[in-house]
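Make a model of the complete structure from these sequences and hints.
Okay, so the sequence shown: first residue is 1 according to my numbering, each after it adds one.
A few of these clues could be false.
Derived DEER-like restraints, expressed as beta-carbon distance ranges [said to hold, decoys possible]: (1) Thr82 with Val168: 27 to 35 Å; (2) Thr151 with Gly109: 16 to 24 Å; (3) Ala174 with Asn134: 29 to 37 Å; (4) Thr23 with Thr153: 45 to 53 Å; (5) Asn63 with Gly110: 29 to 37 Å; (6) Ala188 with Pro167: 18 to 26 Å; (7) Gln175 with Ser128: 41 to 49 Å.
Hints were generated in silico from the structure; no laboratory data involved. Source: prediction; values computed, not measured. All residues carry an ideal CB built from backbone N, CA and C; glycine is no exception.
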Amino acid sequence: AGVTITNNGTGSVTLSGSPAAITAALDGLSYSPVADYHGSDTLTMSTTDGALLDSDTVGITINPVVDIADDAFATNEDTAVTLDVNANDSFENAGHTITAINGTAISVGGSVNVVNGTVLLNADGTLSFSPAANFNGTTDFTYTVTSGGTTETATVTMTVNAVNDAPVNSVSGAQTLSEDANQVFSSANGNALSVA
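Structure, rendered in structure tokens:
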């Protein structure tokens, strides 16, 4: 009460009124930087009684925070899996985009070969990981997100569980031999039998 505000919503705000009224209006003044901004800013306050002017500046430091977190997922051998790597991240705006896998640029629909597998970027922002054939164990890769001009990178650790594959028999073609003779199955004869 007793304060007139002009230029509200711009880089400059003017308060007119008694010193007590202006002081009361400034009590609880808050500063909110734009999403994902970190760095320095200043707040300058100038007061005048019409004849004399006094100006003071407050330095503001906005410290960066980690918006992106590492991830861990599991799948079975020879089984592709979809990874929602952004589910545990905390970006301030909706404009975040995965831009690289292991430092290699990627766009929607593109894929990057990583150690023991392949990573695909889906249209909904998720990733698909396909382990290399018959691989089991632990492997990892990084993904990079750009949000509000800021770039951050996190690591995905993949655990690929072993699967007991059915045995595969390899047999030679039809064999011909004389009556009362023996047939030897061997690599040397080109008719070896094997189980894998």
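Hint check results:
A C-beta distance of roughly 29 Å is found between Thr82 and Val168, which places it inside the suggested range of 27 to 35 Å. Taken as a hint, the range 16 to 24 Å holds for the pair Thr151 and Gly109, whose Cβ atoms sit roughly 21 Å apart. Under the hint 29 to 37 Å, the C-beta atoms of Ala174 and Asn134, about 31 Å apart, fit the expected range. The given range of 45 to 53 Å is respected by Thr23 and Thr153, whose C-beta atoms sit roughly 47 Å from each other.
Separation of Asn63 from Gly110 is about 34 Å and conforms to the stated range, judged on CB atoms against 29 to 37 Å. Checking the proposed 18 to 26 Å range against Ala188 and Pro167 shows it holds: the Cβ atoms sit about 24 Å from each other. Evaluation of the 41 to 49 Å hint for Gln175 and Ser128 yields a pass: the beta carbon distance comes to about 47 Å.
Checked against the numbered hints above, the structure violates none of them.
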